[in-house]
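J.: As a plain string of letters, each chain reads:
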Amino acid sequence: MMIPFEDHFHLSPDDLGRVLEAALSLGGDFSEAFLEYRVYSSIHMEEDLIKETSESISLGLGIRVWSGEKTGYAFTNDLAPEKTRNAALSAAAIASGSAIVPAAKLKAATSPLRVYPVEAAPYRADLADKIGLVREAYAACQAFAPAIKKVTAALQDQVQYLTIANSEGRLVSDARPLVKLSCVAIAEGKSGREYGYSGGGGRVGLEYFAATLTPAEIGRKAAAEAVQLLDARDAPAGEMPVVLAPGHAGVFIHEAVGHLLEADFTRKKTSIFWNKMGVRVGSPLVTIYDDPTIPGFRGSYAIDDEGTVPQKTPLIEKGVIVGLLQDKLSARIMGRATTGHGRRQDYTDFPIPRMANTFIDAGQDDPADIIRSVRKGFYAEQFTGGQVEDSGKFTFSVSAGFLIEEGRLTAPVKQATLIGSNVDVLKDVDRVGTDLAFGMPTGTCGKEGQDVPVTDGCPTIKIAKMTVGGRE
Amino acid sequence: MTSRAEIQDLKGLAERLVRLGKSYGVDEIEVGIGDGSEFGVDVRMGEVENLVEAGSRALGLRVIKDGKTAFAGSSDLSEETLDRLVRNAVRRAELASRDAFAGLPELPSRRVDPGPLDLFDPAVPALEAKRKIGLAHETERIGLADKRITNSHGASFSSHQGWTVLANSKGFLGEYAKTYCSLSLGLQAGETDDLVEDFWFSSQIHLADLESPETVARTAIARTVRQLKPRKIGTQRVPVVFEPLVTSGIAGFLSSCVSGMAIYQRASFLAGRLGERIGNEKVTVIDDGLLPRRLGTSPFDSEGVPAQRTIVVGEGILNNYLCNTYSARKLGLTSTGNADGGGVSPNNFYLEAGPHPPEEIIRSCPKGLFLIRTLGHGLNPVSGDISRGAFGLWIEGGEIAYPVSEITISGNLGDVLKNIEMVGNDLEFRGSINGPTVKVAEMQISGL
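Those protein sequences? They're chains A and B, same order as listed. Every letter in the first sequence is one number past the one before it in the numbering used here, and letter 459, counting from 1, is 468. Every letter in the second sequence is one number past the one before it in the numbering used here, and letter 110, counting from 1, is 112.
Please keep in mind that the hints were generated in silico from the structure rather than gathered at the bench. Model, not experiment: these values are computed from the prediction. Among the clues, some could well be false.
25 Å max Cα-Cα, derived SDA-like pairs, lysine to any residue [to be verified]: (1) Lys-79/A with Met-249/A; (2) Lys-278/A with Pro-405/B; (3) Lys-79/A with Pro-304/A; (4) Lys-189/A with Asp-342/B; (5) Lys-456/A with Ala-60/B; (6) Lys-189/A with Gly-344/B; (7) Lys-24/B with Met-249/A; (8) Lys-277/A with Leu-146/B; (9) Lys-231/B with Met-249/A; (10) Lys-277/A with Arg-375/B; (11) Lys-132/B with Lys-158/A; (12) Lys-278/A with Gly-344/B; (13) Lys-132/B with Leu-98/A; (14) Lys-277/A with Ser-184/B; (15) Lys-172/B with Ser-99/B; (16) Lys-332/B with Gln-151/A; (17) Lys-474/A with Phe-203/B; (18) Lys-92/A with Arg-276/A; (19) Lys-277/A with Met-47/B; (20) Lys-92/A with Lys-158/A; (21) Lys-278/A with Phe-203/B; (22) Lys-278/A with Asn-153/B; (23) Lys-158/A with Lys-24/B; (24) Lys-132/B with Leu-180/A.
What the simulated footprint calls covered on chain B by chain A, stretch by stretch (three residues with Cβ under 8 Å from a Cβ of chain A suffice, anywhere in the stretch; the number is not a length) [stated by the list, open to error]: (25) 74-80; (26) 382-390.
Heads up, the beta-carbon is just placed ideally off N, CA and C, and yes, glycines get one too.
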């Protein structure tokens, strides 16, 4: 149940060894070669037409050299010997001297993790079958209601073949699948035009769309959101109790906690959490993990982009900060071990600490009780994303929700951005439900210009008060 | 740096692939190649943190057969791979639907001479790495020398020089070179749990146009420390003054709402409103791909359509959408030279300057919010709704009183365009989307 690794690089361990040596030739103390071959394909449907299909290939080598805490980086998409050597020498220039450490002899390793439940590489599937999936989502979305005026549906799939070699002697490869089927619905009514989105996928094969989430369900969900928003009123404005629906509300914890526990912000002391290891920062109801090892999830991987086998990493336990997301560089500078969270968008980027699949663990409260406990508040159901800065100020944007009145969900409401300061909001989490769920499996996180696939999860939770940026 | 001879090779490759596609029976084929080299340095706390130097190439192609379209792309330019991609594309096109609007633009009767656009500054590739690193060091040093600054996100210098080559089966063959350089600094100020942060940057085609380390650092300091000790304010409706970077963000949102792609997909609140009044007479919005030495300038777009100046909104009237060839045909319009890959993107898109100095705009508010930064998503082109996290300075009696944070601002782009009361005279071209200071009569603020 894995995609076999295919070697598209044609570089022997000896060739790689020479590249790693050249990278150390000016006195660097660590070198690494990251080889990537990615095959990407997509199908796009709108106006009842299969508008276009595409196929692209990305091939390249990224070379990283450390000299103490400094990083030199170079990349090339020509793997000819003189080009790889030139790239190695460009990266080597972060140091200025002569070689002090030799590169260790490469020893091939494999990851024990089996996190890609896939029967066959999606790009090898018959294009007509894939078009069938897109048509199915499209048709279900369009048929949902007469108010649905425009539909777009798209299937994107890729396989990323990687080989990572470093001067510590590690040599490891991976073949990561990633699939996404998504649907956008535009509904029109008396009040104007609204938009709904839904999608499915992960590090899975196309069989996912038969067994786990069907294209028709994806199409109907997108349509249902757009139709619900036609009748929605403006969100309320001001400070009030907020209940987050289970699942994609995990974007809250991604922004409020996850980013600021990425180790680079701690070693640079720019994160508001940098000096709070072991300190209580939230309610004892809050326990948070990041786990890159959940099979099939978008954020999962058998090795990270530095060749490390990742671990489920506790970040907050009962309100106390207990862990950081480490890559090799931060771990080296801080004298810790990497947790396998060094990720990069592609061979043109050097890795930085990133989240994978981040979630608040389930609590004790009955979700229905949580809603019943609110006299007047805001129920946040669908999300479009969020942002945080190192000071701990964070936002997340809700595309659809409900008013809570006298313990019941009443009027549907539309778009609102919520804002808070993480050190305040984490303390204000006063109910956590038993219903842990993971959000829509189409999420992408951006940091320093690099996008990587992620998943977020959370149970129903209540925040005693937060500022809701509506218009009423 | 890529030599003239190598560019001739790339043009030769593009033409060869056009011929190859035709030999496989396509009706139309278009091949674009980008070739560039980049440099980047990050300096933090006085030390070089990262140094990146690399060159790369990428190729994209589109084939059309019987009105059916397929795209392909590759960073592997080996003959074997490219041949396979073209063959696959021809095969995949057969499985797409026939679309009467698909296809390449006709060969343009007008060509824009790249020379006067002045898009390539030889000083950028000529600048030594040591000097580039020095600029970043100098910028951070000035930033950290200020006692109120407590930490640094680092200073960066980056540069890029590259060639774009485009050939198609209608006989188009063109190329141009473009440089880019930028200098930036991010800073923090304040105590442990009361941190504030901001940054400043300058980015240009020409090195001589780049702001000095002194200017970048002083601006970053001022922008950071003015936010110290913020207050949270009550939920209310007040006049809001947008600082130019905020106006640029709103202009960017408007550019996505006037994209011909969003219009024919009815994914914009401005669909079907061409010729209507969408803002008051103070609002004029231009997209201009011909401005010399500007980041959004190029002689032709990704389909080879020559760049032009387009009045998008003229004194409040929606005059034009931004179109590539496909969306123009769908809408019965003509391409505005805004094709970008399969989609549409603006060239130099900006809200035209007005008569008022920014200080006069602030002075005109007995009470209001001077909006200096936003955080998060919360822009919905389908409805025009805006809801974002906001950082600002509170205005009282026409003067800046104190910083505010942890608030949100919300409204609708349609209302904002109608309620712009004053437009500043301080338009600057810092990116490809720009705007001056503007005052909006009233917006909703959520706070306490």
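J.: Could you work out which earlier hints the structure fails to respect and list their numbers in ascending sequence?
T.: 1, 3, 7, 11, 12, 17, 18, 20, 23 and 24
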